[in-house]
Amino acid sequence: MEIFNAIFTAKAIFIGIIFAITLGVAAYSTYFERKIAAFMQDRIGPDRAGPFGILQPLADAVKMFMKEDFIPSKSNKWLFILGPCISMFTALMTSAVIPFGDTVTIGGVTFDLQGIDVNIGILWVFGIVSLGVYGILIGGWASNNKFALLGAIRAASQNISYELAMGLSIIAILMFTGSLSTKAIVEAQQAGHWNILYQPIGFIVFLICAFAECNRTPFDLPECETELIGGYHTEYSSMKLGFYLFAEYINMFISGAVMATLFFGGYDYPWVEFITNQFGATVATLLGAGALIGKALAFVFVFMWVRWTLPRFRYDQLMGLGWTGLIPISIFNVVITGFGILIDQPILTGIAGVVLLFFGLVIYDQLLVKKKLA
Amino acid sequence: MKLSDKTKVLEQGEMTLAERMYLPAIVGGMATTLKHFFSKPVTIRYPEQQRYLGPIYRGLHILKKDEEGAERCTACGLCAVACPAEAISMVAEERKPGEEKLYREEKYAKVYEVNMLRCIFCGLCEEACPKQAIYLRHDKMVPVFSSRDEVIYGKDKLVEKMDQRYLREGWK
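Listed in order, the protein sequences are those of chains L and X.
Take the position in the first sequence, starting the count at 1, then add 866; the result is the number in the numbering used here.
Take the position in the second sequence, starting the count at 1, then add 81; the result is the number in the numbering used here.
The reader is advised that the hints may include incorrect statements.
As a list, the in silico DSS-like pairs of lysine-lysine whose alpha-carbon atoms are at most 30 Å apart [as the list claims (entries may be wrong)]:
hint : chain 1 : residue 1 : chain 2 : residue 2
1    : L       : Lys901    : X       : Lys116
2    : X       : Lys177    : X       : Lys191
3    : L       : Lys943    : L       : Lys901
4    : X       : Lys221    : X       : Lys238
5    : X       : Lys212    : X       : Lys145
6    : X       : Lys121    : L       : Lys901
Read the hints as simulated data drawn from the structure, not as lab findings.
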């Protein structure tokens, strides 16, 4: 078999484009983070570099490269270098299984707008995201600094406690689809049957866990400036620090894309049929890819919006929320979804689940909490 | 001892369910930040945009001239005496015949210096001046200086130019 066939070339070009989009979005996320922060605080934000400060990410990159690249003398040098590399590497690898669109036919070659369509799709995302914590852990440990180590430990325990709830929240989706493949999950949601309608509880749990997985406020305890100086990247400077921060923004974009894939129909958008009939399948697919990226960017905005609104959780609150709050709720969601599949009324049970959960909480509050105080 | 009836005892009881769930408070907070997201920024881009500081702002000093273009200052030294920071110094000189167009009084200041590092912009010189010669202008601040040579402002910088006369609000 010929290795450099047309499909290979097409996929290579596609992967290159996805890399460029991911990195571009991550670079401009830094700019929009500052702009959004400024707007929310009634300021203007960066506006000196280029029109509206649009060249600010470039200026930041130049600054990052020009700064002194410092490696502490008592640190473990190679692991210190490896930390940001792993963070960046794993952040970029997650996008491989996200289906950016349906099939495209260019020059007689038909291929998916997806890096790889593996049957373990969503497990791949989870596996790689869990590997990402190694970057933080290794970097924090290798710094030979107490604050960095504390940040690294926090990152590790935070990831363990949130990975579970995250996994449980998507089990309900897997029950609908019957497949781990991201492509199959998206195809099951076409024509407006988005999972958010069937899985409101699952989505809320997943969203909260995504905040924790990306180490974003209100769960940014690993880097917690007020307690731990800079957390795991206390000792980092220059572009190594830049890579850590960059990886965080890539993770934000990718988790936005994953949420869009799992709960918001992936590349589905209204009037697909009309556009396919009018302009052809390729245009419809490319618009779908645009829709997915748009949804992911909307989630990036939500990430930033939350960051500039909410204060940081205390560490025991974070662990308590993860273990005693989100995991029971997601198990409840799995049960209610199973019931919904059994009686073949998924939307109704989705709404009933929310109502039931609310009343359950009120009753729990009335019966148990007041008694405990008395 | 109770000083007034205004004291209010705040009771922090146990949190209700809504408070313990954080969600209503989170939604409220998000609504607040979103409202500010769409509101107008209050920023003034300073060097390019300048805010009007009011008709009595005490900025850069100016030595006024009268309508004929003669300097009003008579080097009486009252401003230097009034100055709490001792920022003003001057050297007086007698007016020669033929200089009536330049100086209004028979005595004038040959040297008039304000040390801008000492000046506290209190405006007491302006109040002390019997000839309405020195003013702190409301529309212009002392520019930033980067070396100590630029700190002492002599007559070349202080005396009013006839083509850009200083007018305060309410003057003719």
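A quick look at each hint next to the structure:
1. The suggested pairing of Lys901 (chain L) with Lys116 (chain X) holds, with an alpha-carbon distance near 15 Å, which does not exceed 30 Å.
2. A hinted pair counts as satisfied when its Cα atoms are at most 30 Å apart, and Lys177 (chain X) with Lys191 (chain X) qualifies at roughly 12 Å.
3. Restraint check for Lys943 (chain L) and Lys901 (chain L): the C-alpha separation of about 36 Å exceeds 30 Å, so the hint is violated.
4. Under the criterion of a C-alpha separation no larger than 30 Å, the hint pairing Lys221 (chain X) with Lys238 (chain X) is consistent with the structure, at around 13 Å.
5. Straight-line distance between C-alpha atoms of Lys212 (chain X) and Lys145 (chain X) comes to about 10 Å, which keeps the hinted pair within the 30 Å bound.
6. Note on Lys121 (chain X) and Lys901 (chain L): the hinted pairing holds, with a Cα-Cα distance of about 13 Å set against a maximum of 30 Å.
Violated hints amount to a single one, hint 3; each of the other numbered hints is respected by the structure.
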